[in-house]
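K.L.:
Those protein sequences? They're chains A and B, same order as listed.
Numbered continuously in my numbering, the first sequence closes out at residue 317.
Numbered continuously in my numbering, the second sequence closes out at residue 262.
To be clear, the hints were calculated from the coordinates, so they are not data collected in a lab.
By construction, the Cβ of each residue, glycine as well, lies at the ideal position given by its N, Cα and C atoms.
Careful: at least some of the hints might be erroneous.
What the hints assert, rightly or not - One-sided and incomplete, this derived list gives chain B residues near chain A with beta-carbon spacing under 7 Å:
1. Arg108
2. Arg110
3. Val113
4. Pro116
5. Glu139
6. Val143
7. Ser222
8. Ser224
9. Asn250
To be verified - So these bits of chain A aren't anywhere near chain B, every CB distance computed over 10 Å:
10. Leu35
11. Asp38
12. Val151
13. Gly224
14. Glu234
15. Leu277
16. Val278
17. Ala280
18. Leu282
19. Arg286
Stated by the list, open to error - Quick list of the computed label-pair ranges, beta carbon to beta carbon:
20. B:Ile235 <-> A:Lys59: 40 to 48 Å
21. A:Leu33 <-> B:Pro116: 16 to 24 Å
22. B:Ile95 <-> A:Val162: 52 to 60 Å
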Amino acid sequence: MMILRHLIIVIGVLAVALSVSAGLVMLERRLLALWQDRYGPNRVGPFGLLQVVADGIKMFFKEDWIPPFADRPVFVIAPMLILITVFMPFAVIEFAPGIVVADLNIGLLFFLAMSGLGVYGIVLGGWASNNKYALLGAVRASAQMLSYEVFMGLSLMGVVVLAGSFNLSEIVSAQKGMWNCISQFPGLVLFTIAGFAETHRMPFDLPEAEAELVAGYHTEYSGMKFGLFFLGEYLGITMTSAMIVTLFFGGWLGPFLPPIVWFALKTFILICGFILVRATLPRPRYDQLMGVAWKILLPLALLNLLVTGAIVLAFD
Amino acid sequence: MLSILKGIWVILLHTFRKRETVLYPEEKPYLPPRYRGRIILSRDPDGEERCVACYLCAAACPVDCIALQAAEDEHGRRYPEFFRINFSRCILCGFCEEACPTCAIQLTPDYEYAEYSRQNLVYEKEDLLISGSGKYPEYNFYRIAGLAINGKDKGEAENEDPPVDVRSLLP
Ligand code: SF4
Ligand code: SF4
């Protein structure tokens with residue numbers, strides 16, 4: 002009975018995460034259009050909803066070309082690596098009381114570890130392409146993600162101090178009185194910025210930077226392999242939003258509505274926020290990006306941790 | 092920092108703006124009468140073909156997409172035996188219309204002539220010739236230029252002014 006329940010949860014989480022990230026492509030196009038006073042895709046099916054299906058079919062039937070100068074095995078493995086590392090953190094997120102794939106007591110560390118591994122997919126993809134633009138994109142990605150990971154971890158430590166645990170379920174329960182977005186506001190801001198950088202979304206999409214680097218690390222990819230990179234990016238947005246909800250907005254906590262609805266609602270709003278930021282901000286210069294990370298955000302994260310720790314210590 | 096938040100807020104307000112897109116097949120934009128679209132051959136107010144097969148349009152065309160062959164009727168009046176425009180090459184520049192001395196060839200505000208096969212984009216004289224006079228309803232080339240028929244030279248008939256000496260107009 003327990004095994005069946007586990008299986009259902011695992012498959013459910015997989016299916017929901019996949020379909021949400023596929024639908025996100027559509028949602029993003031519609032929302033970007035809305036904010037640019039356009040309509041976006043509205044022709045295929047009601048409200049253009051079948052555009053997702055059309056895009057998927059197109060992806061599958063595109064020629065899957067591996068350039069002769071590429072490093073074949075690595076070239077094939079890289080997109081899978083991205084998808085796997087983005088999928089794994091879903092396992093530790095608690096979507097509703099009891100609905101969690103693996104209730105790890107080091108859930109937060111697991112998430113940080115997985116997002117750290119996420120760099121490999123990009124770096125290997127760019128390296129195996131044997132193309133200077135892809136390599137430049139990959140080098141940027143590694144530097145960017147390494148620097149932003151440092152304070153991403155540190156910005157979360159305030160939450161850990163408040164909850165006294167790395168377990169995501171316990172972090173959610175610890176927010177019963179007050180959501181962390183109030184008590185840990187600096188942490189929320191820092192983690193959101195880091196989340197943008199980790200998913201290399203606009204405005205931090207410098208590894209991709211189509212204006213300078215063709216398409217960055219996935220320049221040479223086509224067909225479903227490119228589709229996996231694409232899916233990885235949208236899964237990353239979903240995952241980061243779910244993480245922010247869990248860590249700062251009380252996860253499934255909320256009155257009246259069932260917990261799962263609260264979780265989905267909060268995640269959806271955050272995803273829209275991601276798209277709104279993309280619609281607004283241009284991408285910064287690369288040295289500015291690195292400078293902000295090391296000179297401003299890292300000290301702020303440390304300061305936040307210090308103050309939180311001091312307050313918790315004083316009240317104990 | 093503040094400007095970033097302000098920018099995000101401004102973009103958010105765009106949710107409630109009117110959308111600029113013209114939803115094309117359902118809703119069509121207004122095109123002014125002088126829009127350069129599909130080409131036609133017009134007739135003069137008397138219902139005769141205006142084209143005198145002078146080849147000026149074919150010479151002016153930058154992409155060489157007009158082909159025609161001149162012929163003469165029993166009065167010595169020239170007309171095109173065939174007149175062919177290849178719309179798959181036409182760039183709708185309107186040079187042919189500017190070159191035409193008789194206002195025969197005209198561009199119209201119609202752009203919906205897409206085809207599945209390229210061959211269908213080659214329009215023959217039957218497809219091009221319309222029954223009206225197009226953009227210049229009053230214009231009749233021979234009223235202005237004069238016309239010589241058997242036994243009468245240009246400008247000699249009753250109620251007919253002598254034709255303008257074009258050379259005197261030259262600088
Ligand atoms: S519009 Fe331009 S390209 Fe087209 S037939 Fe006339 S001269 Fe040629
Ligand atoms: S359409 Fe005009 S320019 Fe072209 S051959 Fe006829 S009269 Fe001459």
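K.L.:
Compare the structure with each hint and give your call.
P.N.:
Now for the hints, and whether the structure bears them out:
The closest approach between the C-beta of Arg108 of chain B and any C-beta of chain A is roughly 5 Å, which is under the 7 Å cut-off, so the hint is satisfied. Interface restraint check for Arg110 of chain B: the shortest CB-CB distance to chain A comes to about 5 Å, inside 7 Å, so the restraint holds. The interface hint given for Val113 of chain B is broken, as the beta carbon of that residue sits about 10 Å from the closest beta carbon of chain A, more than 7 Å. Checking Pro116 of chain B against chain A by beta carbon gives a least distance of about 10 Å; that is not within 7 Å, so the hint is violated.
Given the 7 Å rule on beta carbons, the hint for Glu139 of chain B is violated: about 47 Å separates it from the nearest Cβ of chain A. Restraint check, Val143 of chain B versus chain A: the minimum CB separation of about 47 Å is more than 7 Å; hint violated. The restraint placing Ser222 of chain B at the interface with chain A is violated, with a minimum CB-CB distance near 38 Å, outside the 7 Å limit. The closest approach between the C-beta of Ser224 of chain B and any C-beta of chain A is roughly 40 Å, which is over the 7 Å cut-off, so the hint fails.
Because the closest C-beta pair between Asn250 of chain B and chain A is about 61 Å apart, greater than 7 Å, the hint is violated. A beta-carbon of chain B comes within 10 Å of the beta-carbon of Leu35 of chain A; the shortest separation is about 6 Å. Distance check for Asp38 of chain A against chain B: the nearest CB is about 5 Å away, which does not clear 10 Å, and the non-interface claim fails. Here Val151 of chain A stays apart from chain B, with its beta-carbon at least about 21 Å from theirs, past the 10 Å limit.
Under the 10 Å C-beta cut-off, the non-interface status given to Gly224 of chain A relative to chain B holds; the minimum distance is some 28 Å. The claim that Glu234 of chain A lies off the interface holds: its Cβ sits roughly 21 Å from the closest Cβ of chain B, which is beyond the 10 Å cut-off. With a cut of 10 Å on Cβ distances, Leu277 of chain A falls inside the contact zone with chain B, its closest approach being about 6 Å. Not every beta carbon of chain B lies more than 10 Å from that of Val278 of chain A, the smallest distance being close to 7 Å; the non-interface claim is violated.
Listed as outside the interface, Ala280 of chain A is inconsistent with that label: its C-beta sits roughly 5 Å from the nearest C-beta of chain B, within the 10 Å cut-off. Once the 10 Å rule is applied to beta carbons, Leu282 of chain A is inconsistent with being away from chain B; the minimum gap is 7 Å. For Arg286 of chain A, the requirement that its beta carbon stay farther than 10 Å from each beta carbon of chain B is met, with the minimum near 15 Å. Separated by about 59 Å at the C-beta atoms, Ile235 of chain B and Lys59 of chain A break the suggested range of 40 to 48 Å.
Under the hint 16 to 24 Å, the C-beta atoms of Leu33 of chain A and Pro116 of chain B, about 23 Å apart, fit the expected range. The hinted window of 52 to 60 Å between Ile95 of chain B and Val162 of chain A is violated, with their beta carbons roughly 29 Å apart.
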